[in-house]
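S.K.: So the sequences go chain by chain: A and B.
Sequential numbering of the first sequence, starting at 1, is according to the numbering used here.
Sequential numbering of the second sequence, starting at 1, is according to the numbering used here.
Everything labelled a hint here was simulated from the structure, so no lab data went into it.
In this text, all values refer to a predicted model and were calculated from it rather than measured experimentally.
Worth double-checking, as some hints may not be accurate.
[Claimed, not checked] Here are the simulated lysine-lysine pairs, DSSO-like style, with alpha carbons at most 27 Å apart:
(1) B:LYS76 / B:LYS159
(2) A:LYS110 / B:LYS85
(3) B:LYS144 / B:LYS159
(4) A:LYS60 / B:LYS85
(5) A:LYS148 / A:LYS110
(6) A:LYS110 / A:LYS154
[To be verified] Which residues of chain B face chain A? A partial, calculated answer using Cβ under 8 Å:
(7) GLU9
(8) LEU10
(9) GLY13
(10) THR17
(11) SER21
(12) ALA121
[Stated by the list, open to error] Where chain B lies over chain A, by a calculated footprint (3+ residues, C-beta under 8 Å):
(13) 62 to 71
(14) 92 to 104
Idealized CB from N, CA, C, for every residue including glycine.
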Amino acid sequence: MTAHTARTDGPGQDQNPTHQNKTAPVDQATAARQRWMSVLARTPRASLEARWAASYGDQKWSMLREPQIGMVMVRGRAGGAGQRFNLGEMTVTRCAVTLSDGTVGHSYVKGRDRLQAQYAALFDAIMLRDGSASDFIDDLAAAQAEAKRDHARKVAATKVDFFTLVRGEDE
Amino acid sequence: MTLQSQTSELLPGFEHTAFDSNAVFRVLLDALSRPGRIYDLPVSVATPDGLNATTTATLLAMADMDTTIWLSPSCKTKAANDHLKFHCGCPISDDVVMADFAVARMDDDLSFVSRLSVGNAEYPDQSATLILMVDEISNAPAMKLTGPGIKDSHDLEIKNLPASFHVWRAENHHLFPCGVDVIFTSPTQIVALSRTTRIEVI
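Chain B with its partners taken away, still in its complex shape (with noise of 0.2 Å):
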């Protein structure tokens, strides 16, 4: 007798899950600490339809039983919850509220960013982490940034980023010690907004 065999498109995770999600921790570590610098994805990895690589390397490395991700409409396709479901173990809300993992592309309807959970005073660090994907991430003049972990200033851009961002950014930023983290993905490299991070459009 056979049984219908199940789940038969999964991709693997890490290679060695061990030192790979080391690797990408210690590079989203250095990448919140120093906003605007741009990171290498250290690994290759397996990527699921809906997600890119950085994306995938990223939920891989942070997210577990304990943390909820929330996937926007146009990431939400099947093989990318499969994929998070049993690498990660994490449960996928489709309630933004519950997120502490909001992922996204970059022409979704953003709207959503202002239902973030922001933390509160006592714990600022229950805030979600707005995990953006994106093509294309320089170090072309766009964005002048400063603040915690930025020496003088560094200059950031970010392929289509529209106007409403910075508009919630601003409010975000007022927010501290609460406030939302934002990671841009691009397929290779990854970049991070901290909280504390100030923004002036160039």
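So that you can see chain A by itself, here it is in the shape it has in the complex (with noise of 0.2 Å):
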């Protein structure tokens, strides 16, 4: 697979749930969907496959596109709102999967781990036919919101304002 910018043209591109634009009205169904998404892409393997093991081991379901490496071009924007440009290339790994009943869950997943593109894609698939999973991801997402303030009091901790002192001879 060649790296390549997400389009909004292409007839192909409605199936990838996470081309989403960020000004166009998300109704709530879909925003609960990119919540649980977000959330089990940022968990790491061990975390999703002991809770499978656990809760939906006997679970029947088939790989409907194996787990696929590829690149993805991650845009930013100077200041969150200066021109657009593009930050760079980042590994991704996605993945579908369908459940015995027909459920398709999908996955798009930082990295190349495969396992854990398909787990977090049986996820989907599970939250999308029952929400059974619902306490699992919020105390996924309450742990890795902890983890984030975690981290942002280090950061702030070793925070630096820099000014600049009045020299004067502007006057």
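Each of the two chains sits in its own frame; use the hints to bring them together as a complex.
M.R.: This is the structure:
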């Protein structure tokens, strides 16, 4: 797979659940799915694997699209508001699975861990089918938020303010 | 809360994407290099309504976001459409002029073939490839093929091939280096006619 930026005009692009225009109105169901997909994408493989084995180990499912590793172009805006520029490429793994009742789950995960992508897609399918993993997702989200706060605290403790002293020669 | 589960009729693509598409590509390459020789489909694939297994495998191996596919009205089912968009990410056009691959059944109205892209003198490779789904391919002596890739001559029979096809093929042959290549796909077999192949109806 070659790197490519996400196209908005291609007719095949509506399958891509990670591509959302920030300004477009997003309905509630989609927003909820975006939330759990992003939480799952950030969760390390070990916890997904353990939870799957414990709660859903007897589920029948099949691979719709085996995990594929590719690149996406990450775009940024200077200061969050400037011109859009290409920040760089990153590796992502995507996967699609289908449960025995036909529910399709997708995942797009950073890095090249195929199993992580597979389990993230499985949990997405479970959430779409009956939402029975929502407690698990909430726990993960809380843990991730906590880790983020921890990190932010550490960073904030080392914050340095830069300012220029008035030198007076402009007057 | 539950979302409406989507696209639940999606079928899996190749079982081993890399190896299977490689094997199918090899068969297509051989088939086009040796026109008229019949090849078996080397893999098994799930087949959506409207297409047959060989056509599905061919498109999965060949199509991607840079190739436009045109499906004849009888092939253009929702299942086929979804399958190709999901697994190949390819644009599917309603305009046959845009097509890199055109897919049709033998019993469809084949008048569209004259509108297929034949490439141009600088880029003859930009021509379309026609994929025709047929019931049966055999080496019975109905057509005698000669040309590059064929030692002496080769016999081929495609069931129910209309006479208008031969008229179009003869015109197509004169366009060389431009012209359309044709791939016939039965449910289990592939045979190709390159643009250089001369056909003599027996």
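S.K.: Evaluate each hint against the coordinates.
M.R.: Evaluation of the provided hints:
| no. | hint | in the structure |
| --- | --- | --- |
| 1 | B:LYS76 / B:LYS159 | 23 Å, holds |
| 2 | A:LYS110 / B:LYS85 | 23 Å, holds |
| 3 | B:LYS144 / B:LYS159 | 15 Å, holds |
| 4 | A:LYS60 / B:LYS85 | 25 Å, holds |
| 5 | A:LYS148 / A:LYS110 | 17 Å, holds |
| 6 | A:LYS110 / A:LYS154 | 25 Å, holds |
| 7 | GLU9 | 7 Å, holds |
| 8 | LEU10 | 6 Å, holds |
| 9 | GLY13 | 7 Å, holds |
| 10 | THR17 | 6 Å, holds |
| 11 | SER21 | 12 Å, violated |
| 12 | ALA121 | 29 Å, violated |
| 13 | 62 to 71 | holds (count 6) |
| 14 | 92 to 104 | holds (count 6) |
Of the numbered hints given earlier, the model fails hints 11 and 12; all others are met.
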